[in-house]
Structure formats: structure tokens, C-alpha cells
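**Student:** The listed protein sequences derive, respectively, from chains A, B, C, D and E. Mind the numbering: the first sequence is residues 1 to 154 in the working numbering, read in order. Mind the numbering: the second sequence is residues 1 to 154 in the working numbering, read in order. Mind the numbering: the third sequence is residues 1 to 154 in the working numbering, read in order. Mind the numbering: the fourth sequence is residues 1 to 154 in the working numbering, read in order. Mind the numbering: the fifth sequence is residues 1 to 154 in the working numbering, read in order.
Simulated from the structure, these hints should not be mistaken for lab results. Just to be clear, a hint being listed does not mean it is correct.
Copies of one chain are not kept apart here, so a pair can be met inside one copy or by any two copies together.
[To be verified] Straight-line distance between alpha carbons at most 27 Å, and here's what the computed DSS-like set of lysine-lysine pairs gives: (1) Lys108 with Lys25; (2) Lys141 with Lys32; (3) Lys26 with Lys108; (4) Lys141 with Lys26; (5) Lys25 with Lys141.
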Amino acid sequence: MKRIGIADTTFARVDMGRIAEEELKKMGTGFKVERYTSPGVKDLPVAVKKLIEERQCDIVMALGMPGPESIDKMCAHEASTGLIQVQLMTNTHVIEVFVHEDEAKDAKELTWLAERRTREHAVNAYDLLFRQSRLAANSGKGLRQGFDDAGPMM
Amino acid sequence: MKRIGIADTTFARVDMGRIAEEELKKMGTGFKVERYTSPGVKDLPVAVKKLIEERQCDIVMALGMPGPESIDKMCAHEASTGLIQVQLMTNTHVIEVFVHEDEAKDAKELTWLAERRTREHAVNAYDLLFRQSRLAANSGKGLRQGFDDAGPMM
Amino acid sequence: MKRIGIADTTFARVDMGRIAEEELKKMGTGFKVERYTSPGVKDLPVAVKKLIEERQCDIVMALGMPGPESIDKMCAHEASTGLIQVQLMTNTHVIEVFVHEDEAKDAKELTWLAERRTREHAVNAYDLLFRQSRLAANSGKGLRQGFDDAGPMM
Amino acid sequence: MKRIGIADTTFARVDMGRIAEEELKKMGTGFKVERYTSPGVKDLPVAVKKLIEERQCDIVMALGMPGPESIDKMCAHEASTGLIQVQLMTNTHVIEVFVHEDEAKDAKELTWLAERRTREHAVNAYDLLFRQSRLAANSGKGLRQGFDDAGPMM
Amino acid sequence: MKRIGIADTTFARVDMGRIAEEELKKMGTGFKVERYTSPGVKDLPVAVKKLIEERQCDIVMALGMPGPESIDKMCAHEASTGLIQVQLMTNTHVIEVFVHEDEAKDAKELTWLAERRTREHAVNAYDLLFRQSRLAANSGKGLRQGFDDAGPMM
Chain A
1 MKRIGIADTT FARVDMGRIA EEELKKMGTG FKVERYTSPG VKDLPVAVKK LIEERQCDIV
61 MALGMPGPES IDKMCAHEAS TGLIQVQLMT NTHVIEVFVH EDEAKDAKEL TWLAERRTRE
121 HAVNAYDLLF RQSRLAANSG KGLRQGFDDA GPMM
Chain B
1 MKRIGIADTT FARVDMGRIA EEELKKMGTG FKVERYTSPG VKDLPVAVKK LIEERQCDIV
61 MALGMPGPES IDKMCAHEAS TGLIQVQLMT NTHVIEVFVH EDEAKDAKEL TWLAERRTRE
121 HAVNAYDLLF RQSRLAANSG KGLRQGFDDA GPMM
Chain C
1 MKRIGIADTT FARVDMGRIA EEELKKMGTG FKVERYTSPG VKDLPVAVKK LIEERQCDIV
61 MALGMPGPES IDKMCAHEAS TGLIQVQLMT NTHVIEVFVH EDEAKDAKEL TWLAERRTRE
121 HAVNAYDLLF RQSRLAANSG KGLRQGFDDA GPMM
Chain D
1 MKRIGIADTT FARVDMGRIA EEELKKMGTG FKVERYTSPG VKDLPVAVKK LIEERQCDIV
61 MALGMPGPES IDKMCAHEAS TGLIQVQLMT NTHVIEVFVH EDEAKDAKEL TWLAERRTRE
121 HAVNAYDLLF RQSRLAANSG KGLRQGFDDA GPMM
Chain E
1 MKRIGIADTT FARVDMGRIA EEELKKMGTG FKVERYTSPG VKDLPVAVKK LIEERQCDIV
61 MALGMPGPES IDKMCAHEAS TGLIQVQLMT NTHVIEVFVH EDEAKDAKEL TWLAERRTRE
121 HAVNAYDLLF RQSRLAANSG KGLRQGFDDA GPMM
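In isolation and in its complexed conformation, chain A is listed as follows:
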């Protein structure tokens, strides 16, 4: 039985953790979901590491919604750097799902974006764990999570 971790925050304005869990469970069985909520994105790296090392997760989704200010961009950058470090310390994939408040034109689009990006990355997490050939088949296909795929160049 594999374990998929979901680390989310109380800072986010959409319940991305619930959405991720729901989407993962749609995709199949053979895994257990482990949840972990911390205050903000800068708390995610250690939360993810604890999910991997203390709760034996085989892959983790790290969900966050950085604010629109430059200080928020810096927090997101620091968190991302930490999430990459965790992966290198544990040889375990962590799918970062960050939705920046200024990516969408209004609250409605932002809510839609957070949900769709989370769902599409839940599929990526599932694929990395259970069906890597599906990712291989999509090399260089210009896939995006949230907004429409860019598609291949040629």
C-alpha cells in the first residue's frame, strides 16, 4: 500500500487539500492519503519532509496560494527552494502546486484556477507513483496545469 501525502496551509484561500484528496481518490486505489496542514508556504518544506520520513509517504503534493505582493513572491521562492531540497534529501518527488493570487483576473477565476491546477497535479502525482509511462508519452507536449495546455510547437 503506497502513501500519498498532502501538505496544505491555513493561508490559502481555497481548500486545495480537500480538492487534492478528492481527485486522488477518483483515480484509483492502492494508496492511502496522509494530510498535514501548517500555517503558510514557508512551513511546507518541513511538513513535507515529516510526511516522507515520519509518515512514510511515497510522494507528496505541496499546496499553497502565495499572495500578490513582492514579499509573497519571495516567500514562495524560499518555499520552492526548500521543497527542491527536501526532494534531494529524500529521493522522493514533491509536486508543488502553487497558485499566485495575481495569476487570475478575479476571485472567480482564481478559485477555478486553484481547483483545476490542484486536480491536474493530483493526476501528475498519481502518474509519477503508478504510471510513469503516461508521463513519458507526453514528453514535450506543452502540458500545463490550470490554464489551457500550450501544446507542442510542431
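Based on these hints, arrange chains B, C, D and E on the given structure of chain A.
**Tutor:** Chains B, C, D and E alone, transformed into the frame defined by chain A:
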């Protein structure tokens, strides 16, 4: 008996360490507070690591007030990066409570902000240690520390 | 028998992995290619580390096409930082082949650039593994991958 | 007998190492000073690590004067990041004393600033090693090194 | 017999490796030079680490010529960060000799700058290994490599 570390600075213009200790003690018993003061935010990462490794803290609050200049922003970034590294090296949460001098419109608001953010993050530290379910119940609720909560999108 | 890893993404809009494999195979024998596809450039560092540690690669090409926005530049920076860390953790070269969408004036040139840079870096990967003297002979020659060589100053 | 390391550079335009040593010796006995000079601020992290690990220093002062250009700011940032890493690798405080050439309005003020900041940080280094209660008594007091203290908010 | 490593690139437009080796050999005996050429500055950190760990170098010169674009500045920053990490992982000095294409007003000056900076840093490398007292005697003297020394303030 758990230990909660509080690392603060002589650079800060508000005694955030005292406020954090006061708020933590309001919340309950079952823990001891360990204090550590160093000059500035760039000294916090090693101070925090020493609190965790030499004084057995189970969680630490890292308190600082970066100045308003671009050099201060860079110092804060370097400190934050170090604080994330400490967490990954120790599998221990460190709640960063930084109040930037240019976040508030005047000295009165800045004082108020430093106090309120410190108190609200003291609750987060307590919750991470003793009642994670309270954080889980607030996933995606748009909580903020200091200024008003942004609230959930929907 | 040496192993050359190729880590690519579903985000890229050109199938750089296929091109890299094709070019490597033109160059000679004595090695096996290991492929790994993950969603985006921030997933490359751990993918590369797994290629080195779990699939015994002696060198890896890390292929990606960051988008044109400032958030994409930041993602590329975080990925690059992680790729350098992997190399230091494993004493193994990782040839980063990133093609930024805004490096070319249109889709046609971008496609051409991605292919040519990938092919030229495949030669670099091969040379690092099998014929370092060829690199040594080109010290300070102003070589570029993709666009024309700058050439030596004098 | 404790050891206090002083790492300085040939790049700096003020002999900060001499000033630091002089100030430290004014403060008391019970320690030995270890000196190490390298070319520039980017050489400081390893110099400091060698002072700690090869010459058994209990704390180190890292002294530098980054130039005024943006490339100099980046060098200082890289050096600072490295100095924080050293501290985390060794659980030892390193007091960074950087004086940026553009912090002062002329050569006279810059010389004054470099000297005063060095002296005030020498006291911090001494306090971290021998009298931490003095730092604790100054939590949140808005202390500065070089220019005047900002003072507490209230 | 000491070993001095020289890591250079095929990207550079001046044969800095040859110049470094020539200058080192002018300075004395008692050491052997180990050369390593890789494609660009982002390949230098692992090349340097291999020179230290696999070819037993006691110090390494890392030579590169980053281009003038902002992407080149970022590459140089990532490389520098990696070079500092290598030093901390090995307790070995690495003298970074980077010449940015936009530091000089034309090709002639750039060629001159690359040569002179390389030669002056070769002396620094030699001094760090064989005669540290010479560096100590120059603490705070405002030395520069390439362009003229800034000199001491007073």
C-alpha cells in the same frame, strides 16, 4: 514536558520575545519556554538550531523586524532561507515571525502589527505542537497573522 | 557499459528527450540511455538524482523549456540551483539544457533552437563521459549551444 | 581558553581585522584570537569554516567591504548565504560585519562606519560567547551597529 | 607535492586556463597542476568538486566568462552559489575568477581584463596555499584583481 524555543534579536524595535512568551503561557501548560537573543535576523538560523539541538526544543519561534531598505530585504531573505534549512536538517518546525518596517504606515501601527502577528503565530506554534487538528480544520481558510484574515474565496 | 540519463518534461513544447536520445545514439556505442519524464523543470532535480542513484547513470541531461514570464524565470532559477546541488551530492555531471521561450523571435526559431541546443549539449554530455580531451582542446574558444558560437576573443 | 576567529579580506579598504582584534582585546581575557585573511567576501565562508574546524574557534567574525555595484551586492549575498550555511554545519555563531561602500556619503564617513560597526559587532561576538544575558537584556531594543541605534518603538 | 586545480570552460572567449597555468608555474615549484574543462560556468561546481575529491587538489581556480544578458548573470550567480557550497563540503578554497562580458568597454579591454584578473588570482591561489602571511599583510588594503587596486581608505 515539551520545550518551545523563542529566538529574538536586539535589532527588533519591539520586544517580540516577551510577547511570544506571554502569549504561549496563556495557552496552556505542558511546555517550558527556552529563550535565545542574538543581534539580528541573520543570526537567527544558528540560534534556532542551537535551541533545537542543544536545548532540545520541539518547536521554535524565530522573531525579527527587518528594516525597510533593499539591503534589509536581502538580509531577511537570507535569514528565511537559513530557517528553512534548519527545519530540514532537524525535522522540526520553526515559525518565522518577521515584521518588515515598511509593512505599517506609522510607528503605532508597526508596534500593533508586531504584537498581533507575534501573538497569532504563538498560537500557530502551540497548535503545531499540541493540536494539529485545529490547523487542519482551517485548511484553505485564508488566515493571516497580524492584519485581518483574507478569508476563504468562496 | 556506461549509462546516460535523459530527464525531460511534459511542460516543454518540443520533444527534447527524443532529440537528445537520437543524437547520443549517433555518436557511438558503449552506453545505454535511461529516460525519465516528469511534469516540469522543478521536478527535474529529483528525477535526475533518481537517475543517478537508482538507475546508475554516469551523466544526465536535464531538458526543459521555461516559459517567458518572470515566474517562469524564477522556476528555472530554482531548478538550476537544484541541479547544481544534485551534482555536488553525487559527484556526477548534469548537463542542463534549458531553452527559454523568449530566447527566440517566433515558434519556428524556438523549435530550431531547442533542437540544436539539445543536439550540441548531447555532444557535450558524450564528451564529458568519453572524450574529455575534446573539451580541453576547446578551452576558451567561445563555444555556444544553439545560436552561433561567439568564438575566441583573439 | 576560548578562541575567537577573525576572517577578513585584502579587498576591504579598511583594516577591519586589526580593529576587531583590538576591540576584542579591550573587552577582557579568557580567549585567544585566530586571524585568517583571504582575497574577498566570497572566500570568507570556507575561511570561517576552517577557523572553526581546523583552528577550533568558538565564534568567528567575518569582515568585508562589498563594493557599490550590483555585481558586488550579488557577491555579498552569495557570501552571506554561505556564512549562514557554515553556522548551520557547525552550530557555531559567525558574526557577519559587512560594510557596503554605498552606505556612506564619503570616504571619511565610510572609514568611520567600518570602524564603528566592527567595534560594536566585536562586542556582540564577545557577548554571544561570554555574556548572553547582556544580549537578552537588549531584546527588541532597536540596536544598530555603525549608525545610531533606532531604539525601541515604545 | 601539492596540487592546484584549474577548472575552465569552452564557453569563455579567452583561454583563461592556459593563462592561469602559465602564471602559477612562474611562481614557484612544489605543486602539480590538474586541468579540467567543461562546457560552461554552471558545470564548474561539480568539476571543481571532482578535482578536489577525485584528483586530490588542495586548492582550485574556477575560471569563467559569463555573458552580458540577465540570464547570464543568473547563471553566474547559480555557479557562484555552487562554488561556495563545494568549498564548505570540502574545506578547500576555490578561487572564483569570473570576468563578465559587460565589465569592459570593448573586446581589447575584455581580453586584457580576463588575462590580468586570471594572473592576479593565480597569485592569490598560490598565496592561500603556500604563503598566507602575504595575504595577512594585505588585510584591508583595497586590492582588486584586473582593474587597478582601490587602495586603502586612509
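**Student:** State for each hint whether it applies.
**Tutor:** Cross-check of the supplied hints:
no. : hint              : verdict
1   : Lys108 with Lys25 : within (25 Å within a copy, 41 Å between copies)
2   : Lys141 with Lys32 : between (30 Å within a copy, 25 Å between copies)
3   : Lys26 with Lys108 : within (24 Å within a copy, 40 Å between copies)
4   : Lys141 with Lys26 : both (24 Å within a copy, 24 Å between copies)
5   : Lys25 with Lys141 : both (26 Å within a copy, 23 Å between copies)
Of the numbered hints listed earlier, not one is contradicted by the structure.
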